[in-house]
Amino acid sequence: MNWSFLTDLLRISLHAMVPITLTAVGEIVGETAGLFNIGLEGIILVSALAGALGAEMGGPIVGLLAGMLAGALISLTFSVINTYWKGDQMITGIGINLFAAGFVAFGLIKLGSPGFYAVARTAQIAKLRTPIGALSPLIFVALVVPFIVYWFLKRTRAGLILKAAGENPEAADVAGINVNLVRLLATTFGGVLAGLGGAYMSIAWFGSVTKDISAGRGFIALATVVFSGLNPLLALLGGFIFGFFQSLATWIKTLPSKPIPWQFVEMLPYIVTLLVVAGAIGRVRFPKELGKPYKRE
Amino acid sequence: MSQELTGSVPRKEKFVHRTLTGLNPAIESLLAAAVGLIIGAILMLVWGYNPWKAYVALFQGAYGDSYGWASSAASGVPLILTALTFSICVRAGMFNIGAEGQVYIGAAAAVTVGYFVLPGGLNLIVGLIFAMIGGALWSLGPAILKLTRGVNEVISTIMFNWIARFLTFYLVAFVLVDPVRGEKTISIPVSARFPVLVRGTDLSWSIFAAVAFAIVIYFVLWHTVIGYEVRAAGLNPSAARYGGIKSKRTMLLAFILGGLGAGLAGATIVMGNPPTYAIISGLPQLMNTGFDGMAVAMVGRNHPIGIIFASLFFGGLTAGGRTMQFTAGVPLEMVRVVEGVIVLTMAIPELIRVFRVMRSSWSTLMNVLKRRRSA
Numbered sequence: 001m002n003w004s005f006l007t008d009l010l011r012i013s014l015h016a017m018v019p020i021t022l023t024a025v026g027e028i029v030g031e032t033a034g035l036f037n038i039g040l041e042g043i044i045l046v047s048a049l050a051g052a053l054g055a056e057m058g059g060p061i062v063g064l065l066a067g068m069l070a071g072a073l074i075s076l077t078f079s080v081i082n083t084y085w086k087g088d089q090m091i092t093g094i095g096i097n098l099f100a101a102g103f104v105a106f107g108l109i110k111l112g113s114p115g116f117y118a119v120a121r122t123a124q125i126a127k128l129r130t131p132i133g134a135l136s137p138l139i140f141v142a143l144v145v146p147f148i149v150y151w152f153l154k155r156t157r158a159g160l161i162l163k164a165a166g167e168n169p170e171a172a173d174v175a176g177i178n179v180n181l182v183r184l185l186a187t188t189f190g191g192v193l194a195g196l197g198g199a200y201m202s203i204a205w206f207g208s209v210t211k212d213i214s215a216g217r218g219f220i221a222l223a224t225v226v227f228s229g230l231n232p233l234l235a236l237l238g239g240f241i242f243g244f245f246q247s248l249a250t251w252i253k254t255l256p257s258k259p260i261p262w263q264f265v266e267m268l269p270y271i272v273t274l275l276v277v278a279g280a281i282g283r284v285r286f287p288k289e290l291g292k293p294y295k296r297e
Numbered sequence: 001m002s003q004e005l006t007g008s009v010p011r012k013e014k015f016v017h018r019t020l021t022g023l024n025p026a027i028e029s030l031l032a033a034a035v036g037l038i039i040g041a042i043l044m045l046v047w048g049y050n051p052w053k054a055y056v057a058l059f060q061g062a063y064g065d066s067y068g069w070a071s072s073a074a075s076g077v078p079l080i081l082t083a084l085t086f087s088i089c090v091r092a093g094m095f096n097i098g099a100e101g102q103v104y105i106g107a108a109a110a111v112t113v114g115y116f117v118l119p120g121g122l123n124l125i126v127g128l129i130f131a132m133i134g135g136a137l138w139s140l141g142p143a144i145l146k147l148t149r150g151v152n153e154v155i156s157t158i159m160f161n162w163i164a165r166f167l168t169f170y171l172v173a174f175v176l177v178d179p180v181r182g183e184k185t186i187s188i189p190v191s192a193r194f195p196v197l198v199r200g201t202d203l204s205w206s207i208f209a210a211v212a213f214a215i216v217i218y219f220v221l222w223h224t225v226i227g228y229e230v231r232a233a234g235l236n237p238s239a240a241r242y243g244g245i246k247s248k249r250t251m252l253l254a255f256i257l258g259g260l261g262a263g264l265a266g267a268t269i270v271m272g273n274p275p276t277y278a279i280i281s282g283l284p285q286l287m288n289t290g291f292d293g294m295a296v297a298m299v300g301r302n303h304p305i306g307i308i309f310a311s312l313f314f315g316g317l318t319a320g321g322r323t324m325q326f327t328a329g330v331p332l333e334m335v336r337v338v339e340g341v342i343v344l345t346m347a348i349p350e351l352i353r354v355f356r357v358m359r360s361s362w363s364t365l366m367n368v369l370k371r372r373r374s375a
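Protein chains in written order, with the working numbering: chain E, 1 to 297; chain G, 1 to 375.
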């Protein structure tokens, strides 16, 4: 028996983990402060395109920055509507997703390649050689970021302020905290991480942009947040679990015997997400004011 | 608001008040549509298109002649139904994004009537029933997860959409496949098709099915006890529970009614749209029906009557978008960008207030500038 498929599985799992983990960790920061952003899917989509265009203009680093900037701008719109303008977070998120789907499809047509846009090799982020094969350096970023955010949320004063804005905005307001500003910054940070995840997909992982490159990952990240109970370290684990099932699907598809039709294999990550979320609920507690705009009495 | 106006208030004032409060939502929707079109125009300018030419083409294509009106209405038919799916659940206090997947399943279920030989119009009715049951069954998954495990319906319905997409891919490729032409399913038999209403267009009798469903939903939500309970649970869950309303029952009902609507939407697409009367591989006719429906629902203010008007607008965007693509060269996808901006704008509750604030701050700014100039 050839066991090399195990290292293949691990390698693909790690790659598939990155966008989920980054997006989920960013959303944990946002949800801790009280905003629930279902527009993450759209953010990943737009930043994948922005990342690809940025990378082709100024190299991989510019690409990553472009993705993060796109993520920041969209979440800034989201959070202005939902803090200062007291908007409905669900509807705003739906709007962002619709906009992103149209915008990216439109952009791909404008670039002259509807459906599939290949990113130039030189613009892609080079992979590192490791004992288990070539790994993208962003995998290590995704492994470190959850620990930093964990430390930030649990051990710093700023993390406490964030929690206050989500749990008890009135008390935070009385204590002199600018609740809306805190929420705006937290959500924008979340957008930056989702944008990094999106740019990673186009310039470090796939090397291409398609009009449904995000493939539900924004929502899978939301599910991961539920699973994690707002703990960034569990989001890392959740991201890896999802990545594993995606790599399993990829691996089954390449089997020469074709034991299962590919359409059923493709369903696997979504089914697992449902099962994981269904199993996680109950033991998880979310901020009291999550999803509600803060209005001063 | 209207409850406050009782007793001594003269009837005329009451009427004026009611008209104004009734009109407000419509004005907000029009404002949102305008914002969407303006931001769309700005994006077109940025990308190097002529927005004026594009919009002239779009609106002429959509409402310029009877052919345009018929095409707009035809594109709007499934959107009425998927918008209702979303609205019923919003009325019940939930965000059901699952119409997309339920449309796929409904369409696939409708296609199965091709295997039956039934007398006369029975085929059509059986097809509709299959589609509605298919849509409702698919909506049960997220409903059960929500009621038993508390799974957020936004996440679960999106997962079910993806699963439905791949399931329908499979059904189209292997189960319902046309033995002669592998790129599509078997066709709906002639006896099960909606007759074309306006010759030479896509508009068929399916529009009456959609409008009838909207009226039924209106009746159920506003004129039955269970409908009242659904709306009460959506407005204030804890008060409704205190009043003895079982929220689980209302949630389940909202999901099922929504699923019936989305399934019917799938049926209207495969049974009412010439010339294919089949699902084409890759599901191009079905894709985005559910998502576009959410925009229709919001602009229609989650009300069946509002939704019928909003579907004419969004159907017009789709139908006119084709003309825009053809004559002004602007890709059809621009329409979805405009849609997204409209929904974003609709999310702002005090939209009119925001505009008023902007206008007053603008005039303050102008006054300051004037004063400075005169000083």
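Note that these hints are calculated values from the structure, not bench results. Warning: the hint list may mix true and false statements.
Said to hold, decoys possible - Simulated crosslink set (DSSO-like; lysine-lysine; CA at most 30 Å straight-line):
id, chain 1, residue 1, chain 2, residue 2
1, G, Lys-370, E, Lys-292
2, G, Lys-248, E, Lys-86
3, G, Lys-248, E, Lys-288
Hint-by-hint comparison with the structure:
Distance restraint check for G/Lys-370 and E/Lys-292: the Cα-Cα separation of roughly 41 Å exceeds the 30 Å cut-off, and the hinted pair is therefore not satisfied. A hinted pair counts as satisfied when its Cα atoms are at most 30 Å apart, and G/Lys-248 with E/Lys-86 qualifies at roughly 29 Å. For the hint pairing G/Lys-248 with E/Lys-288, the CA-to-CA distance comes to about 22 Å; that is within 30 Å, so the pair holds.
The structure fails to meet hint 1 from the earlier list, while all remaining hints are met.
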